[in-house]
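Participant: Chains as they are written, first to last, in my numbering: chain A, 9 to 286; chain B, 72 to 642; chain C, 22 to 206.
Some hints here could point you the wrong way.
What the hints assert, rightly or not - Once the Cα atoms are required to be at most 35 Å apart in a straight line, the calculated DSBU-like pairs of lysine-lysine come out as:
(1) B:Lys136 to C:Lys51
(2) B:Lys557 to B:Lys446
(3) B:Lys160 to B:Lys144
(4) C:Lys131 to C:Lys119
(5) C:Lys131 to A:Lys239
(6) B:Lys160 to A:Lys239
(7) B:Lys256 to B:Lys77
(8) C:Lys51 to A:Lys239
(9) B:Lys443 to A:Lys208
Hints were generated in silico from the structure; no laboratory data involved.
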Amino acid sequence: MNMKMKLFSYNLADTFIHRLSGLTKLICFLFLTFAVMYSYDIRVILVVMVFSILLMRTAQIQFSQVRLMVIYVLIFIFTNAVISFFFSPEFGTSIYGTSHEFASVFGISLTFEQLFYQVTKIFKYASVIPLGMIFLLTTNPSEFASSLNGIRVNYKAAVAVALTLRYFPDIQRDYKDIYLAQQARGLELSRKAKFIDRFKNSLLIVIPLIFSTLDRVEVISNAMDLRGFSKSKTRTWYMSRNFSRQDALALVVSGLIFIATVFVSIFINHSRFYNPFI
Amino acid sequence: MLMNSKPIIEFTNFTFQYFSQAQPTLHDINLKIYTGQKILIVGPSGSGKSTLGHCLNGLIPFSYKGEVHGSLKINGRETSTLDIFKLSKTIGTVLQDSDAQFVGLTVGEDIAFALENDNIPTDEMHQRVRSVAQMVDMHNWLTSSPFELSGGQKQRTSLAGVMIDDVDILLFDEPLANLDPATGKIAIEIIDDIHKQSGKTILIIEHRLEDVLHRDVDRVIVINDGRIIADMDAHSLVASVVLQETGIREPLYVTALKYAGVQVTEAMQAGYIETLKSELSRDALQIWYRRIQPTRQLNTRLSILNMENISFSYDGLRPVLEDINFDIKEGEMVSIVGKNGAGKSTLSKLLCGFEREDHGRILYRGEDIRTKSIKERAEIIGLVMQNPNQMISKPLIFDEVALGLRLRQVPEEKITARVEKVLKVCGLAPFIEWPISALSYGQKKRVTIASILVLDPKILILDEPTAGQDYRHYTEIMEFLVEINKLGVTIILITHDMHLMLEYTPRAIVLADGRKIADTTAAEVLTDAKVIVEANLKETSLFALSQMADVEDGTQFVQSFIDYERRLKNR
Amino acid sequence: MRDIFKVNTKTIVATGLGAAIFTLLFMYVKVPSPVPETSFQTAYGVSALFATLFGPIAGALISFIGHALSDAIQYGSPWWSWVIASGVSGFIFGFAFKRTKVEEGEFKGKDIITFNIIQVIGNVIAWVVIAPLLDILIYQEPANLVFTQGITAAIMNSVSAGVIGTLLLVAYAATRTKKGSLSMK
Ligand SMILES: Nc1ncnc2c1ncn2[C@@H]1O[C@H](COP(=O)(O)OP(=O)(O)OP(=O)(O)O)[C@@H](O)[C@H]1O
Ligand SMILES: Nc1ncnc2c1ncn2[C@@H]1O[C@H](COP(=O)(O)OP(=O)(O)OP(=O)(O)O)[C@@H](O)[C@H]1O
Ligand SMILES: [Mg+2]
Ligand SMILES: [Mg+2]
Numbered sequence: 009m010n011m012k013m014k015l016f017s018y019n020l021a022d023t024f025i026h027r028l029s030g031l032t033k034l035i036c037f038l039f040l041t042f043a044v045m046y047s048y049d050i051r052v053i054l055v056v057m058v059f060s061i062l063l064m065r066t067a068q069i070q071f072s073q074v075r076l077m078v079i080y081v082l083i084f085i086f087t088n089a090v091i092s093f094f095f096s097p098e099f100g101t102s103i104y105g106t107s108h109e110f111a112s113v114f115g116i117s118l119t120f121e122q123l124f125y126q127v128t129k130i131f132k133y134a135s136v137i138p139l140g141m142i143f144l145l146t147t148n149p150s151e152f153a154s155s156l157n158g159i160r161v162n163y164k165a166a167v168a169v170a171l172t173l174r175y176f177p178d179i180q181r182d183y184k185d186i187y188l189a190q191q192a193r194g195l196e197l198s199r200k201a202k203f204i205d206r207f208k209n210s211l212l213i214v215i216p217l218i219f220s221t222l223d224r225v226e227v228i229s230n231a232m233d234l235r236g237f238s239k240s241k242t243r244t245w246y247m248s249r250n251f252s253r254q255d256a257l258a259l260v261v262s263g264l265i266f267i268a269t270v271f272v273s274i275f276i277n278h279s280r281f282y283n284p285f286i
Numbered sequence: 072m073l074m075n076s077k078p079i080i081e082f083t084n085f086t087f088q089y090f091s092q093a094q095p096t097l098h099d100i101n102l103k104i105y106t107g108q109k110i111l112i113v114g115p116s117g118s119g120k121s122t123l124g125h126c127l128n129g130l131i132p133f134s135y136k137g138e139v140h141g142s143l144k145i146n147g148r149e150t151s152t153l154d155i156f157k158l159s160k161t162i163g164t165v166l167q168d169s170d171a172q173f174v175g176l177t178v179g180e181d182i183a184f185a186l187e188n189d190n191i192p193t194d195e196m197h198q199r200v201r202s203v204a205q206m207v208d209m210h211n212w213l214t215s216s217p218f219e220l221s222g223g224q225k226q227r228t229s230l231a232g233v234m235i236d237d238v239d240i241l242l243f244d245e246p247l248a249n250l251d252p253a254t255g256k257i258a259i260e261i262i263d264d265i266h267k268q269s270g271k272t273i274l275i276i277e278h279r280l281e282d283v284l285h286r287d288v289d290r291v292i293v294i295n296d297g298r299i300i301a302d303m304d305a306h307s308l309v310a311s312v313v314l315q316e317t318g319i320r321e322p323l324y325v326t327a328l329k330y331a332g333v334q335v336t337e338a339m340q341a342g343y344i345e346t347l348k349s350e351l352s353r354d355a356l357q358i359w360y361r362r363i364q365p366t367r368q369l370n371t372r373l374s375i376l377n378m379e380n381i382s383f384s385y386d387g388l389r390p391v392l393e394d395i396n397f398d399i400k401e402g403e404m405v406s407i408v409g410k411n412g413a414g415k416s417t418l419s420k421l422l423c424g425f426e427r428e429d430h431g432r433i434l435y436r437g438e439d440i441r442t443k444s445i446k447e448r449a450e451i452i453g454l455v456m457q458n459p460n461q462m463i464s465k466p467l468i469f470d471e472v473a474l475g476l477r478l479r480q481v482p483e484e485k486i487t488a489r490v491e492k493v494l495k496v497c498g499l500a501p502f503i504e505w506p507i508s509a510l511s512y513g514q515k516k517r518v519t520i521a522s523i524l525v526l527d528p529k530i531l532i533l534d535e536p537t538a539g540q541d542y543r544h545y546t547e548i549m550e551f552l553v554e555i556n557k558l559g560v561t562i563i564l565i566t567h568d569m570h571l572m573l574e575y576t577p578r579a580i581v582l583a584d585g586r587k588i589a590d591t592t593a594a595e596v597l598t599d600a601k602v603i604v605e606a607n608l609k610e611t612s613l614f615a616l617s618q619m620a621d622v623e624d625g626t627q628f629v630q631s632f633i634d635y636e637r638r639l640k641n642r
Numbered sequence: 022m023r024d025i026f027k028v029n030t031k032t033i034v035a036t037g038l039g040a041a042i043f044t045l046l047f048m049y050v051k052v053p054s055p056v057p058e059t060s061f062q063t064a065y066g067v068s069a070l071f072a073t074l075f076g077p078i079a080g081a082l083i084s085f086i087g088h089a090l091s092d093a094i095q096y097g098s099p100w101w102s103w104v105i106a107s108g109v110s111g112f113i114f115g116f117a118f119k120r121t122k123v124e125e126g127e128f129k130g131k132d133i134i135t136f137n138i139i140q141v142i143g144n145v146i147a148w149v150v151i152a153p154l155l156d157i158l159i160y161q162e163p164a165n166l167v168f169t170q171g172i173t174a175a176i177m178n179s180v181s182a183g184v185i186g187t188l189l190l191v192a193y194a195a196t197r198t199k200k201g202s203l204s205m206k
């Protein structure tokens, strides 16, 4: 359990991307991720991926900041590739309508179609990651809630997100303290205990965490009511930023990429897949 | 003073009973408060002070259900016709729990919270936030998150957050709880300055009477068992018997006067140390002081706990403790004091093995305990943590206190007897069947003390044991600690309460910014100007009194007071 | 009609804090299962509890925000199909809101059955229907793979919500006080 992992290591560099408003970044993030989520055309995916890696450099994000995430993602993509191959080795063939076998593993035939499908998928998944990292590492968490409200998410839901970000570190600290306090009362949490005891004992940690949180819900909502929360249908935000020309530029560029992706699928590929086999 | 003929707050035959209670919590309250007054509300824990506050700000009946009889008018309007939002335009509340009150991700956002809800445009919001932040001296911290702030800074932020709405009445529910003495003093000064500059009506609910009386108040209202039993100015209050009868701590210098046989009267103006007419008592004090034999006994027993060159940091960057050395003898009673964030709670966590020191050694009876696990250390050291919610894991009081014994496989018959005894000591016997969720903060804190006491540790560490406790319960708990201390249990108290330190612990260790800056007698600490400033402590009023009485050695005077009181209690 | 969709300040705060706990448990307190990319998630016990106490909107948002946030922290970007499915499961758990007597301090026989029927329905819809369909729709994953994963997730999350959720609700009920019940001995 790595408790020292930070929630957001939001870095305070001053780059073009940092200066964009949170709302712009959120919309661009959604445009670009929807583009790669929609498209199964490896050419489009690679373009977006190269573009986003360039953006990462612009934002001065260091590899050390994202190393942990990269490891997680690689493990995820790799296991996904392996199991999806063993579950459906013919999937590529059924998508592209042809079958070019070039080898076989454990008696399962390996086709270029399957290989192409899986390589495309790997890049498809991998290409989302830099976008997410840029968004996470360059957006001030305070601005995030106002951006959500900016894309017409109900302000109450946006405030709920802000509260999550506000109280996550507190809850993480409480969890650790409770864990230690219970051990000091004599609770055995190490591997020495039987599974069922360990389960029961870990409930002894989760229960106080949840109940003290429920008490806190009461106090915090009182504090918010006393300061007039939810009395009107709308709300303004201290942290919202004005739109600049750069914001407009970023929006136009990412909007165009999204449109281009859809355009390629509909008018060139006539499907979400790019088919080099026919 | 300005006295409008029309009261801004008016309770008439007001009674309130919580939904789940069998009896009313407030009985037949009649009270008028006028515009621009500054009122202090005191009373024992559970007497209904916060409940009174909730009735004013609308949380009753908006959030807490119950039955209301009688009338409560604010600005001439019956509150039952107003909702909580309308009330929040008239009355701003600073809650006791400054972490709960802090709902923004940063100081700026938190101050702006009320404006955001009011749909004020962003630019105007920034301006107003800046000017209010300036009033409470937080304008350089607008982008800081609550994690980076000290307790006092959080309190200032809360204050700015309610003042931004330009309300007529400000209500503070225990603004001093968990603040170090100097920060508490500053908080009282800020409140007073706001009162003087803006003429707002101010209500302060607080246990620490003497600390609030650092600046003057117009009236003190005493509540006991849900009834108003006194409503007078500070001078008459300390001259009356009300404080003793309700079990509220009177200012220390007043106690000293009484010990010296001085009849405290209204004419002495003893409400504040600054106004005290000392010429009436000088001789009596001097005579009393000379009669006391100093009893300095040295503890020559073996050392039980030794910290050698301990350094620690949470993140590997910012040191929280640096090169701490001390030696605690078996059977000692020591307090650890110092400003908010000095590292006191961290020190206790190191002792219990919750965190591991980066450098140095911790010795128990001369033996390094580095290899001992949390559980093994817990056999020796019991820790009552600062925040009671982090220790409570069972819904019922009895089960909570019994938990540690059950985990240690003590037979059930023995458990019942031991738990009942401890609950009695901690003043919790009447509540034995209540769910913990129905207890007040002070009562919860006592549950956690009970749950550790029942385990009979060799060394007992209590982090802020008296926060939110009234004087009677505080005395009961402390006297019990003194008793088990006599039986040989070593006790370490972490506290912001200077009275507690003076009264109960002969020795005090002072921390400031992660370093030990003093380790001497409590009386010496509280009379040393340099230590006081560096560690955010507050000079005791006894010292000021000794100067008024022309006693040359103020430290000795304070020490004599302690010795005298100890002997009185032992009788 | 019971007004289970009403949102007040308490619902919002419960959502925010509930999502924080969800995120924490989702990242740290889980047991891996034999089926790849699935694990026994204690967090669903918590979303079931909060949904039962605060309704479908809170339930949906807690699982949605919590799942999205923990994905974002660990992988850099949320896995949308499963995040949405989580939200749906929390939403359906919320139909237990005001259907049990837990707020009055009772959570026994009939209440436990009601709660568990609802949570199983929620898990089945979310993990056997929504998640696989979205996986196919968004990511074009092979159908047999996603349905296998979905069924496993449905079983494990039902166990989690069933065991942990029920225990938490029983414990919560014990802390509730009845009208006029508190008096000193
Ligand atoms: N929500 C509630 N439901 C039922 N009873 C309550 C509730 N809140 C407080 N009480 C009870 O009302 C009484 C008065 O509580 P209140 O919080 O007003 O005390 P207080 O004077 O502010 O005490 P303290 O100094 O400990 O804060 C207590 O006995 C408490 O148990
Ligand atoms: N779990 C933690 N992780 C990181 N930093 C922490 C943690 N706990 C405390 N700190 C920091 O360490 C410093 C010392 O904190 P500590 O709680 O020991 O102070 P304290 O002397 O007990 O203060 P107070 O009087 O306000 O209780 C503070 O700056 C605090 O912000
Ligand atoms: Mg109170
Ligand atoms: Mg502390």
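Participant: Confirm or reject each hint.
Facilitator: Do the hints match the structure? See the list:
With a C-alpha separation of about 39 Å, the suggested pair lysine 136 (chain B) and lysine 51 (chain C) falls outside the 35 Å cut-off, and the hint is violated. Only pairs whose Cα atoms come within 35 Å are accepted, and lysine 557 (chain B) paired with lysine 446 (chain B) is accepted, the gap being roughly 26 Å. Restraint check: the Cα-Cα separation between lysine 160 (chain B) and lysine 144 (chain B) comes to about 15 Å, which is no more than 35 Å; the hinted pair holds. This hinted pair checks out: lysine 131 (chain C) and lysine 119 (chain C) have alpha carbons roughly 13 Å apart, not beyond 35 Å.
For the proposed pair lysine 131 (chain C) and lysine 239 (chain A), the alpha carbon gap of about 38 Å is over 35 Å, so the pair is violated. For the proposed pair lysine 160 (chain B) and lysine 239 (chain A), the alpha carbon gap of about 12 Å is at most 35 Å, so the pair holds. With a C-alpha separation of about 32 Å, the suggested pair lysine 256 (chain B) and lysine 77 (chain B) falls inside the 35 Å cut-off, and the hint holds. Restraint check for lysine 51 (chain C) and lysine 239 (chain A): the C-alpha separation of about 40 Å exceeds 35 Å, so the hint is violated.
As the CA atoms of lysine 443 (chain B) and lysine 208 (chain A) are separated by approximately 25 Å, the hinted pair is consistent with the 35 Å bound.
In this structure, the hints that do not hold are numbers 1, 5, 8, in rising order.
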